[in-house]
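Asker: Please arrange chain B on chain A, whose structure you already have, making use of the hints.
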Amino acid sequence: MNPAGAKPAPAADGITAFYWHGAEQQQLLVLRCTACKLLSHPPDAACAWCGSLELAPEPVSGHGSVYSFTIVRQAFDESFANDVPYVIALVELDEQAGLVVLANLIDVPVSEIDIGARVEVTFEDRGDHTLPQFRLADSAPVSQ
Amino acid sequence: MNRAGHEVVVAGVGYSPITRGGSPDIRTLTLGACHDALDDAGLTAGDIDGIFEYSFGGAAADSPIAISAQRLLGIENLTAYNDIMGTGPSGLAGAMDAAMAVGAGACETALVYRTITRNAGHSGAVRQTAPRAGGAMQFTAPYGYGGGIILAMAMKKRRRVAELGGSFDDYGHIALNARAWATKNPNAMFREPITLDDYYGSRVIADPLLILDCDYPVNASCAAILTTAERARDLRRPAVVVDALAYGTGARPDWLYADDFLFGGTIPCSRELWRRSSVTAADVDVAELYDGFTHITISWLEALGFCGVGEFHDWVDGGRRIAPGGDLPLNTYGGQLAAGRMHGLAFLNEAVLQVRGDCGDRQVPDARVAVVANAHGPQCGAMVVRAADG
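Chains A and B are the protein sequences, given in the same order.
So in my numbering, spot 58 of the first sequence is number 58, and the numbers just go up one at a time.
With positions in the second sequence counted from 1, the corresponding number in my numbering is that position plus 1000.
Okay, chain A solo, but in the shape it has when bound (with noise of 0.2 angstroms):
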């Protein structure tokens, strides 16, 4: 079981592992299919988009915008229970459109946040492993 406070930890695997070794160089890599050139995450062992097995990661800007969030006050696990309220987004990356990441704002007050507010990815470290996180930021989009 959990020690007393320590949140769930990302168990990679062989297909996920570089996800998480990107985290760990502070960069946010995501799978781009060499057949379709199309972006997919999470990572997966084919291309959502054309079945291809040939995906190889790539980093991206980690910029983006809030495509929705929600603000969570009722802890469903007990190792954020000192965290509510904390907010979880799905951040729609510049690069593809529709392409999401789920994680949480940080360092933000949560009436700043809106849909479409532009974000930036930033790392948590958290000991034994280093979590893609987003910040709000000034950006402007960067183009297709």
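Read the hints as simulated data drawn from the structure, not as lab findings.
The model shown is predicted, which means the values in this text are computed figures rather than measured ones.
Positions of the beta carbon are idealized from the N, C-alpha and C atoms, including for glycine.
Where hints are given, some of them may not hold.
[To be verified] Facing chain B, a subset of chain A residues (Cβ under 10 angstroms, in silico):
{"hint": "1", "residue": "48"}
{"hint": "2", "residue": "101"}
{"hint": "3", "residue": "115"}
Answerer: Then chain B, alone, in the frame of chain A:
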């Protein structure tokens, strides 16, 4: 549904007692519902040769497996059965499988049940997640994303209003409607009407999702008997025809990452349902649409074409459209929001009872066609049922 061979009908429906307290045994609950459905149909357990049940599985205190029910009911043999896991279209999935099996001749008379308890159905409970989250959960659990699909539903609610317009009142009208109908159902859990003020004053779970956007966990079992039109000809109650059924998943199916975040598979499911059906949305007298979360019901109403996408706010007319006496009576037993979370199959049972004219105070006059839909996201299912011709 007659394209596969036999015309399939629902011959009987049944319920266990529905309770908020205690820890009733899942076998007792299941037997209560199954015997009630058999009695309703005028059949005995010996007439059953197929069983299809839906459960979360694992350690959850919910439906016993099919052969467990077979043993409890003293059935000598099953020619078709299936245990459907929690990734299908909720309790309706059992009835959909049963309809396909009866239609294809794999069995003649199928028993379907969904049993659920507060313990199994209370997904908002605080849990202790395993210290390491694998699979899809490695991208969610470390962020405090728990409680099943609760937080996805909160994000869908916020996104819908931002993208399609309307307001959170729209969600409130689904919650109010459930209570309005439940006042007419003696077996419903919550029989007091509520106002929009009550709705907005209810506890915030995950802003903007309120506790009154969520269904209410109960201990209950719900059962139905499906058979062929020929077999049903001399049974106790009028047979209700399964006119059409369809599944729908949508593209890149997932609760979070799907192409259609707001509607999931409801739109392709509805399109296929009407393509297969002998009737259209305009012919529907009663709609029984899943309301585990209010967002789901709004999605189905638009997906099924009762109004256009994004038009619910105007169409619902302050709730009058779907209320008792309205043009489209919706969730006439109170749904899961007010009658309790029987997890899907009760929507079919209510549709059958409405088409038979057996609903007492809540009966919709001259109801002949009903549409039933279950679940959302990547696991949608829907069915049209109607009175037999002639």
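Asker: A separate judgement is required for each hint: does it hold in the structure or not?
Answerer: Hints and how they fare:
no. : hint : in the structure
1   : 48   : 5 angstroms, holds
2   : 101  : 8 angstroms, holds
3   : 115  : 4 angstroms, holds
The structure is consistent with each of the numbered hints, conforming to all of them.
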